[in-house]
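Asks: Next come the chains, spelled out residue by residue.
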Amino acid sequence: MRKILSVIKREYIQIVKTKGFIIGTILGPVLMASFIVIPIVVSVISVGQQERVGVIDLSQEIFEALDKKLDHRLKDGSRRYLLEKYEISTDPEVLRKELSQMVLKKELSAYIFIPKNISEGGVAEYVSQHVSDFDKLKNINEALNSVVIEKRLRKEGLDPQKIAQYIQRVGLKTIKVTKKGEEEDTGGTFLISYLLVLILYMTLFFYGSIIMRGVIEEKTSRVVEIVLSSLKPFQLMVGKILGIAAVGFTQYAIWAIFGFSASRYSKSLISSFFPSASGFKIPSIPPYVFIYFVVFFILGYFLYGTVYAAIGSMVNSEKEAQQLIFPITMFLVVPILLMMFVMRAPNSTFSVVLSLIPFFAPILMLLRICVLLPPFIQVGGSILILVLTILFMIWLTGKIYRVGILMYGKRPSFQEIIKWIRYK
Amino acid sequence: MNALDIENISKKFGDFYAVKNLSFNIHQGTIYGLLGPNGAGKTTTIRMVMNIIIPDEGNIRVLDRKMDEEMKERIGYLPEDRGFYPKMKVGQILLFLAELKGMKKNVARERIDSWLKRFDLDEWKLKKVEELSRGMQQKLQFIATVIHQPDLIILDEPFAGLDPINTKLLKDIMLEMKQEGRTVIFSTHRMEQIEMICDNICLINKAEKVLEGNLSRIKKDYGKNTVVLDYEGETNFIRSLPEIDKIDDYGKFMEIRLKEGTDSQVLLQKLVGKITINKYEVREPTLNAIFIEKVGDKDEKNLISH
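Residue numbers (the numbering used here), protein chains in the order written: chain F, 5 to 428; chain V, 47 to 352.
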């Protein structure tokens, strides 16, 4: 035990001193803060540009109303969309070609083609070089929609005064109900879940690689056998994994301090700089989320850490390791790809099964806990499955590691590794 | 008391025997040479002694105790593949290794300083290992091996890659350890090193023991039937002489084994006048000759190339 402590101490000090750790620790929160702050800042400060949009109105009854409706303003108070009506003198197709040319020459940013039968179900067209600005498309579509509906209702003889009231959009507020009561959620749950899972994913990946690189370094520098003249391969492996875990906790502790102080001041900070963003609300996170976060980090760390240690012991260089790492990386990436699905249906059978598979469990079970706390039997079950898998992995890795770490030269085949496991 | 007792140990990797039914004993306070061609099983044997590899069969006793993890603190081990964490400082790595050997920090620090001083490395104490030259790193490896004053020192191919200065330094340390009553075991495939310092040897070939015992007695057993000839000239005719049993010709120097009952003076007379003789010495066979005879000619090339 004393020897394992010496190894833990060495690993810890050596890594904490590196530039990579210091930069990572500082950059981490900056990066995470930028996930939250940048989108807000961008949406708030982007002044945008005024756009000239041509309109061909074959129905002859839409343009004025649309021009009135599409009254979005830029930061400086000028209109965002400057609509220009083009009268049809000859063939509409000729005019369309002309306007297309103008769009290509960037004299117009787009033009809207309104067919004659727009009020009877005709489809309008938006023609531009750039058709993926969803915000803009939504603005135009909504404006056009309400103008046309208003027209239809008028034709039906409804009171023009009341039409605006009739066609008013219905809002939908999202409220998250917990045992503590109800709380309005403006996307915060999504954001926090996303952030926590992302932190877990990145750190598992990051610390796994550090373990692997450490093992490879011991092999390539030929120090390993000198160390083994004092302790068992298993002690060296455990010491390394625990030492790097201690580094991980140090980093988390620093981030947690950052995070809590930031969340205390961030709201007032954001709203004092950008008063228009004050609608954004940082949701309160129940403490059990953090406890589970730590639990699943530890479990995930040991699960992936042992696998990374085994891979490191099998290879002679980091380059060689890249090929072997690929399947492990997939195990980490798949849950990230499935995130959206699990978030949408956290209690579906598929989500439940996925979150019990040991290599997916750390990320997906944590995600489910963030979104909607699953029954305890499921959480406890996944923890139990993880612990059993980890014990098995430690045993298996220990067997591979003690042989692999003394092997140089050709990378072992799968059959050879099976043989290693069988050695006494 | 014996420093090491090895009883019938065997180790198989798959279907391949790395070590087969090997036994030998080493007295305390002696220098013991473990020799054999490359791949004979020397490193596997040493790793089993160090408890790094577990033997399939047999017993290993170190310093009259069953070998276990605790005994590692009383052994100094210099592996064949050796190096350090490149980013660690000289003083730190020695302290780390000394701590792993169970030394108290303050004692370790003192001893590290005195060894560094002895090897003229004291100015490098705060430098990173990767900044040191190869020769300096080798010195550091010697220090790491003996820093905890082990009773048993095991060196696997210790002379491989050493320059003449470090070779002498290591030889001095080995003799010093012997004088202090410690036991030194080392493996090599180079005979001249063994002849210089070993008391006893064990020759291993293809996983099995071929020859073991006191070096001077082994040589005596072979008798004074060897002629060492330092010559110039055309020597092809010698091979067909009836007195000759075996010849190792090195171009300017020849080791001849005579047939039993042959008078070395008769051979000398047959050579006089045909070649220039600078030296004609009747002596015991060199270890090299014994080795080659025991191991067989097909391994000869392997040996000479080193």
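Careful: at least some of the hints might be erroneous.
As the list claims (entries may be wrong) - Distance condition first, Cα-Cα at most 27 Å in a straight line; then the derived DSSO-like pairs of lysine-lysine:
no.	chain 1	residue 1	chain 2	residue 2
1	V	K151	F	K236
2	V	K66	V	K252
3	V	K255	V	K298
4	F	K23	V	K150
5	F	K13	F	K72
6	V	K133	F	K21
7	F	K236	V	K135
8	F	K23	V	K171
9	V	K150	F	K13
10	F	K428	V	K298
11	F	K423	V	K66
12	V	K150	F	K21
13	V	K151	F	K13
14	V	K217	F	K13
15	F	K428	V	K265
16	V	K66	F	K13
17	V	K298	V	K252
18	V	K171	V	K217
19	V	K214	F	K403
20	F	K323	V	K292
21	F	K236	V	K112
22	F	K21	V	K135
23	V	K58	F	K13
24	F	K142	F	K72
25	V	K135	F	K423
Unchecked claim - Heads up, incomplete: computed chain F residues facing chain V, CB under 10 Å, no partners named:
no.	residue
26	K101
27	S233
28	K414
29	R415
30	F418
None of these hints come from the bench; they were simulated from the model.
Here the structure is a predicted model, which means the values were calculated and not measured.
Ideal placement from N, C-alpha and C gives every residue a C-beta, glycine not left out.
Asks: None of the hints should be skipped; say for each whether it holds.
Replies: Hint check results:
1. K151(V) to K236(F): holds (22 Å)
2. K66(V) to K252(V): holds (9 Å)
3. K255(V) to K298(V): violated (33 Å)
4. K23(F) to K150(V): Violated. K23(F) to K150(V) sits at ~31 Å, over the 27 Å cutoff.
5. K13(F) to K72(F): Violated, at about 71 Å.
6. K133(V) to K21(F): holds (11 Å)
7. K236(F) to K135(V): holds (24 Å)
8. K23(F) to K171(V): holds (22 Å)
9. K150(V) to K13(F): Holds - the C-alpha atoms of K13(F) and K150(V) are around 15 Å apart, at most 27 Å.
10. K428(F) to K298(V): violated (51 Å)
11. K423(F) to K66(V): The given pair, whose Cα atoms are some 19 Å apart, holds under the 27 Å limit.
12. K150(V) to K21(F): holds (24 Å)
13. K151(V) to K13(F): Holds. K151(V) to K13(F) sits at ~14 Å (cutoff 27 Å).
14. K217(V) to K13(F): violated (35 Å)
15. K428(F) to K265(V): violated (39 Å)
16. K66(V) to K13(F): violated (40 Å)
17. K298(V) to K252(V): Since the Cα atoms of K298(V) and K252(V) sit roughly 32 Å apart, the hinted pair is violated (cutoff 27 Å).
18. K171(V) to K217(V): holds (24 Å)
19. K214(V) to K403(F): With a Cα-Cα distance of about 40 Å, the restraint between K214(V) and K403(F) is violated, given a limit of 27 Å.
20. K323(F) to K292(V): violated (52 Å)
21. K236(F) to K112(V): holds (16 Å)
22. K21(F) to K135(V): holds (13 Å)
23. K58(V) to K13(F): violated (36 Å)
24. K142(F) to K72(F): holds (16 Å)
25. K135(V) to K423(F): Not OK: K135(V) and K423(F) at ~38 Å, beyond 27 Å, violated.
26. K101: With a closest approach of 69 Å, the K101(F) hint is violated.
27. S233: Constraint on S233(F) satisfied, holds at 4 Å.
28. K414: violated (14 Å)
29. R415: Not OK, violated: R415(F) not within 10 Å of chain V, min 17 Å.
30. F418: violated (15 Å)
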